[in-house]
Amino acid sequence: MSESTTEKLPKDLAAENGMVNVQIDGNWIQVPKGTRMIEACKMAEKEVPHYCYHPKLSSPGNCRMCLVQMGMPPRPAPGEAPSYGENGYQEIGWMPRPVIACANTVAENMGIRTTGELVETCRHGVMEFLLINHPLDCPICDQAGECSLQEFSVEHGRGNSRFVDNKVKKPKNVDIGARIRLDDERCIMCSRCIRFMDEVADDPVLGFTDRGTHTTVTVHPGHLLDNNYSLNTADICPVGALTANDFRFQMRVWFLKETKSIDTNCATGANTVLWTRGNEIFRVTPRENNEVNSCWMPDNHRLNFHYVNSEARLNTPMIRNKAGVHEPSTWAAAVQKAAEHLRIRQSGEIAIIGSGKQTNEELFLLGKLAETLGTDLLTLVPRFGESDGKLISADRNANTTGATLLWDTEDPYAKLDAIREGVRSKRIKTLVVFYENILETAGFKEADLAHLDLLVSNHILPNGTAKCSHVVLPGASFAEKRGSLVNITGRLQRINKAIEPPAGAMDDWEIIRDLIAALDKKAPPLYLIEDVLKAIANEVPAFEDQNFSKIGDLGVQITLTGETIPLLEAEYHRIERGEIVG
Amino acid sequence: MSDIQYIHGKQPHPREYRLIFRNVDRVGWDPSLHTYRNDGGYEQLRHALTMDPKAITDEVKASGLRGRGGAGFPTGVKWGFIPPNNTKPVYLICNADESEPGTFKDRYILHQDPHQLIEGMVISCFAVGAKLAYIYVREEFPEAAHILERALAEAREANLLGHNILGSGFDCEIHVHRGAGAYICGEETGLIESLEGKRPYPRIKPPYFPAAMGLYMCPTIVNNVESLCHVKHIIRMGGEEYSKLGTPRNTGTRIVCVSGDVKKPGYYEIEVGKLTMGELLHEVCGGPKDGRSFKAVIPGGSSAKIMRCEESFKIGKGDDAKTLSFYDLPLDFDTLAAAGSMAGSGGVIVMDDSRRMSWVLNNLNKFYAHESCGQCTPCREGSTWMRKITDRLVAGTAAPSDIDTLNSIAYQIDGKTICAFGEACSWPVEAMIDKFRDELISETSESNEGIAHSAENEAQRRFLQPSQS
Numbered sequence: 001m002s003e004s005t006t007e008k009l010p011k012d013l014a015a016e017n018g019m020v021n022v023q024i025d026g027n028w029i030q031v032p033k034g035t036r037m038i039e040a041c042k043m044a045e046k047e048v049p050h051y052c053y054h055p056k057l058s059s060p061g062n063c064r065m066c067l068v069q070m071g072m073p074p075r076p077a078p079g080e081a082p083s084y085g086e087n088g089y090q091e092i093g094w095m096p097r098p099v100i101a102c103a104n105t106v107a108e109n110m111g112i113r114t115t116g117e118l119v120e121t122c123r124h125g126v127m128e129f130l131l132i133n134h135p136l137d138c139p140i141c142d143q144a145g146e147c148s149l150q151e152f153s154v155e156h157g158r159g160n161s162r163f164v165d166n167k168v169k170k171p172k173n174v175d176i177g178a179r180i181r182l183d184d185e186r187c188i189m190c191s192r193c194i195r196f197m198d199e200v201a202d203d204p205v206l207g208f209t210d211r212g213t214h215t216t217v218t219v220h221p222g223h224l225l226d227n228n229y230s231l232n233t234a235d236i237c238p239v240g241a242l243t244a245n246d247f248r249f250q251m252r253v254w255f256l257k258e259t260k261s262i263d264t265n266c267a268t269g270a271n272t273v274l275w276t277r278g279n280e281i282f283r284v285t286p287r288e289n290n291e292v293n294s295c296w297m298p299d300n301h302r303l304n305f306h307y308v309n310s311e312a313r314l315n316t317p318m319i320r321n322k323a324g325v326h327e328p329s330t331w332a333a334a335v336q337k338a339a340e341h342l343r344i345r346q347s348g349e350i351a352i353i354g355s356g357k358q359t360n361e362e363l364f365l366l367g368k369l370a371e372t373l374g375t376d377l378l379t380l381v382p383r384f385g386e387s388d389g390k391l392i393s394a395d396r397n398a399n400t401t402g403a404t405l406l407w408d409t410e411d412p413y414a415k416l417d418a419i420r421e422g423v424r425s426k427r428i429k430t431l432v433v434f435y436e437n438i439l440e441t442a443g444f445k446e447a448d449l450a451h452l453d454l455l456v457s458n459h460i461l462p463n464g465t466a467k468c469s470h471v472v473l474p475g476a477s478f479a480e481k482r483g484s485l486v487n488i489t490g491r492l493q494r495i496n497k498a499i500e501p502p503a504g505a506m507d508d509w510e511i512i513r514d515l516i517a518a519l520d521k522k523a524p525p526l527y528l529i530e531d532v533l534k535a536i537a538n539e540v541p542a543f544e545d546q547n548f549s550k551i552g553d554l555g556v557q558i559t560l561t562g563e564t565i566p567l568l569e570a571e572y573h574r575i576e577r578g579e580i581v582g
Numbered sequence: 001m002s003d004i005q006y007i008h009g010k011q012p013h014p015r016e017y018r019l020i021f022r023n024v025d026r027v028g029w030d031p032s033l034h035t036y037r038n039d040g041g042y043e044q045l046r047h048a049l050t051m052d053p054k055a056i057t058d059e060v061k062a063s064g065l066r067g068r069g070g071a072g073f074p075t076g077v078k079w080g081f082i083p084p085n086n087t088k089p090v091y092l093i094c095n096a097d098e099s100e101p102g103t104f105k106d107r108y109i110l111h112q113d114p115h116q117l118i119e120g121m122v123i124s125c126f127a128v129g130a131k132l133a134y135i136y137v138r139e140e141f142p143e144a145a146h147i148l149e150r151a152l153a154e155a156r157e158a159n160l161l162g163h164n165i166l167g168s169g170f171d172c173e174i175h176v177h178r179g180a181g182a183y184i185c186g187e188e189t190g191l192i193e194s195l196e197g198k199r200p201y202p203r204i205k206p207p208y209f210p211a212a213m214g215l216y217m218c219p220t221i222v223n224n225v226e227s228l229c230h231v232k233h234i235i236r237m238g239g240e241e242y243s244k245l246g247t248p249r250n251t252g253t254r255i256v257c258v259s260g261d262v263k264k265p266g267y268y269e270i271e272v273g274k275l276t277m278g279e280l281l282h283e284v285c286g287g288p289k290d291g292r293s294f295k296a297v298i299p300g301g302s303s304a305k306i307m308r309c310e311e312s313f314k315i316g317k318g319d320d321a322k323t324l325s326f327y328d329l330p331l332d333f334d335t336l337a338a339a340g341s342m343a344g345s346g347g348v349i350v351m352d353d354s355r356r357m358s359w360v361l362n363n364l365n366k367f368y369a370h371e372s373c374g375q376c377t378p379c380r381e382g383s384t385w386m387r388k389i390t391d392r393l394v395a396g397t398a399a400p401s402d403i404d405t406l407n408s409i410a411y412q413i414d415g416k417t418i419c420a421f422g423e424a425c426s427w428p429v430e431a432m433i434d435k436f437r438d439e440l441i442s443e444t445s446e447s448n449e450g451i452a453h454s455a456e457n458e459a460q461r462r463f464l465q466p467s468q469s
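Chains as they are written, first to last, in this note's numbering: chain A, 1 to 582; chain B, 1 to 469.
These aren't lab readings, by the way, just hints derived from the structure by calculation. Where is the CB? At the ideal position from N, CA and C, for every residue including glycine. There could be a bad hint or two in this list.
Covered stretches of chain A, as calculated for chain B (at least 3 residues, CB under 8 Å) [said to hold, decoys possible]:
1. 207 to 218
2. 343 to 353
So the derived list for chain B, only partly shown, Cβ under 8 Å to chain A, looks like this [to be verified]:
3. Arg199
4. Trp385
5. Gly415
Whenever a hint applies, use it, and build me the whole structure from the sequences.
The following block contains the structure:
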């Protein structure tokens with residue numbers, strides 16, 4: 001004992017760092033003070049099954065699936081000092097009643113059992129209760145394959161049913177909003193959707209009616225679930241009660257391939273997963289990134305992918321003949337044709353218009369192209385709207401920050417007016433356009449474009465600008481290429497290739513590379529997109545030492561623009577107030 | 001007390017001790033302030049306002065008063081749970097949502113002696129530092145709500161409520177809030193949610209202990225009507241003197257509501273622990289109906305565990321242990337808990353040998369299945385499942401294995417829910433199967449084993465056993 005009085009006890013060592021010691025299934029670990037028991041179990045790599053708990057939402061503790069056994073050291077009698085065992089911990093007195101792991105926080109010397117007879121009995125019971133009135137229509141349910149009810153049934157279910165009475169009948173196929181469909185019989189009343197709409201979307205249109213076993217989720221009278229964040233409720237619904245109309249009955253989820261990517265619909269750059277089968281995108285869902293989009297994503301952004309699957313995709317390079325008709329051509333001929341014209345022009349007669357939706361690699365190479373051509377008429381097309389106060393940035397271009405860094409300019413849109421005026425006044429004779437239908441987005445007129453000696457443009461779908469172009473270069477969509485982007489806060493993130501571009505189309509960075517190579521035989525060879533990022537890393541200070549592996553799935557902050565994402569700010573406040581885990 | 005005359009036919013039994021019910025059924029009594037003040041009403045308030053609030057809490061602690069709503073938690077201790085460094089407003093709520101089947105005591109206080117409650121509440125508000133209090137009245141007491149509103153208006157008029165009460169500098173306001181017909185609103189956190197205008201979903205504890213995070217996330221004390229009335233008498237008698245009523249650890253008087261198969265059902269105010277079950281049922285209530293004998297008793301409201309009348313119980317531990325027959329059990333909190341049931345809300349439901357236990361159980365299950373709020377899984381799904389099984393038991397289409405299923409469902413609910421409703425709905429089932437298993441089994445039939453009770457079930461059976469279809 002004389003030795004141990006001089007030695008510090010584990011509790012003191014932990015307290016010095018704001019930690020507490022918790023015994024989880026027999027092993028002692030240190031976790032930060034105030035951690036929820038369920039999160040502590042996660043840290044100890046012990047799974048606690050749950051339905052209603054979601055770290056981004058308040059914890060009502062209503063599903064009762066996360067019941068665990070808890071123990072604390074017995075309170076010493078008055079005047080008696082607590083006794084410590086050889087390992088420095090007090091003995092744990094186990095409570096006979098289970099507690100929910102989701103809403104309770106850990107304490108020093110607490111014990112948690114995530115297995116054992118009591119815990120297993122609780123889980124068996126809750127699973128049985130959840131299934132007695134469930135329709136068990138897994139074969140026709142869209143959630144099948146990603147359903148928590150199925151998953152925990154396998155691990156904690158009974159295998160057979162003791163329920164022989166009539167099930168409760170509830171509304172099915174309920175139209176509660178434009179993008180979401182509700183099946184109340186499948187609902188397990190976890191209230192995640194209700195809490196999401198209330199706490200995150202600030203549009204509390206969902207609620208329960210009736211009571212007891214007849215409890216039914218529905219929209220409040222006179223309201224619809226038509227918020228631009230409504231599809232997130234389908235993501236967090238642990239069962240098949242809320243399903244997305246867009247994805248409903250389209251594909252079994254187990255056939256889908258997941259590719260991590262980034263939303264390119266605005267400068268926030270929400271992290272996403274692209275769900276594909278073959279060469280088709282079936283859905284886009286948000287991916288958790290607590291520096292960008294938490295777990296959420298706006299509906300209009302996630303649904304903006306169907307054009308990628310379009311039958312009308314441009315799939316071969318085309319050159320306009322003398323009669324004004326576009327004829328299919330080869331990449332070699334198309335690039336050659338463009339290069340021929342570009343070579344003979346004076347620098348002041350050439351302008352390049354890129355897109356704020358392009359990757360860093362493409363924008364960097366556009367800069368190189370401008371350098372090769374000796375022109376400084378290089379711009380992006382601005383796309384500004386209003387922020388929705390959550391995840392949609394006022395800047396609808398995904399990579400304005402990237403362009404600012406790569407082109408070392410404060411305003412990558414500055415030259416647009418001069419270029420438009422130059423084209424109108426016929427001073428500019430050759431125009432290279434990437435990814436933009438400038439007739440619609442940049443205020444160009446068809447008549448002005450007719451003055452041009454050469455209009456080279458890159459598109460993925462036919463449009464007015466393509467129609468006016470002498471050379472049309474079919475490109476790849478966001479889902480068909482790799483690359484990196486910098487979001488509004490200055491975070492470097494990467495998109496990945498989920499599907500192949502149409503047969504005759506080409507990855508955009510390769511198109512620009514080939515144009516440069518055709519113009520400048522001494523241009524350094526670039527074989528892989530990694531080579532481009534390496535070149536960026538060598539030339540642009542903010543990108544120093546960056547590569548695709550380093551960017552990883554969650555990105556890296558390469559600069560601080562001072563901009564913030566409103567939804568994240570709101571989330572930080574809720575974490576500070578202890579309302580959510582975060 | 002001898003000068004008080006009671007309405008003919010409603011005189012208290014000699015074994016009663018009328019404290020709270022002193023004025024109930026009294027000749028010449030009405031719920032007006034005038035009558036109440038003529039009887040010495042509000043003098044305790046005047047006295048209490050001169051005391052130190054902490055001294056009032058100490059008196060209540062010394063009195064040993066235990067909550068009369070059902071759980072029997074010491075009232076003074078509950079008041080002491082308000083965080084000492086609290087800077088938020090404190091609320092007091094009077095739980096007048098008396099909805100436990102078999103309980104009908106609070107309604108008589110509300111109907112006949114509302115000022116006793118108001119006086120008790122203002123004293124309690126002063127003690128806990130609450131300036132705003134609510135009386136949550138169940139929807140089924142419309143008359144009580146009117147009477148309370150009238151009484152509160154009278155009290156306000158007489159400066160017994162409102163600003164600077166009786167010149168003491170203490171401000172206090174009381175509002176009546178009416179429920180909308182849900183049993184769960186009697187659960188204190190459900191009540192608070194309801195008061196906040198939401199569905200009465202009970203809150204998880206921890207962290208939402210009302211004394212720290214109650215109404216509008218402020219410290220809140222929720223007490224039963226009868227408990228708050230006792231506060232007035234504790235101030236009058238002094239905590240120590242009050243604690244001499246009843247028995248140690250089970251002090252004071254309490255109102256028991258006897259219903260069912262006795263000759264004289266009704267409300268009886270007795271000193272806690274001074275009467276045995278036998279004395280209450282035979283002496284006070286006049287025994288069983290002619291030609292009948294007692295079979296079973298639910299001693300503390302419908303959620304208390306049922307007891308067999310021919311049973312005997314081992315009470316106490318070690319050398320103090322003694323075996324008592326059912327009729328020798330003293331009516332107090334601790335003995336009934338030791339006997340495996342509870343004193344609960346004081347609703348004594350008596351059943352004689354004419355009663356079918358399957359019907360009794362089904363009746364209870366129907367109530368709880370109907371009243372489950374539906375927030376948490378075990379109670380939401382389990383309560384109705386149990387009802388469906390006992391529906392079949394009563395109809396004669398249950399199999400013996402259904403009784404085991406019923407029992408296991410109850411244990412799957414018990415102790416695993418957010419609020420005590422889980423126990424309320426599972427205890428009657430557990431106890432009924434424990435005490436009357438043979439009788440329940442006798443109403444089942446082996447031939448009902450495996451038969452389909454629903455069209456879905458029949459389809460499934462044919463699918464799984466095509467040869468037998």
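Here's how the hints hold up against the structure:
no., hint, result
1, 207 to 218, "holds (count 8)"
2, 343 to 353, "violated (count 0)"
3, Arg199, "holds, 6 Å"
4, Trp385, "holds, 6 Å"
5, Gly415, "holds, 5 Å"
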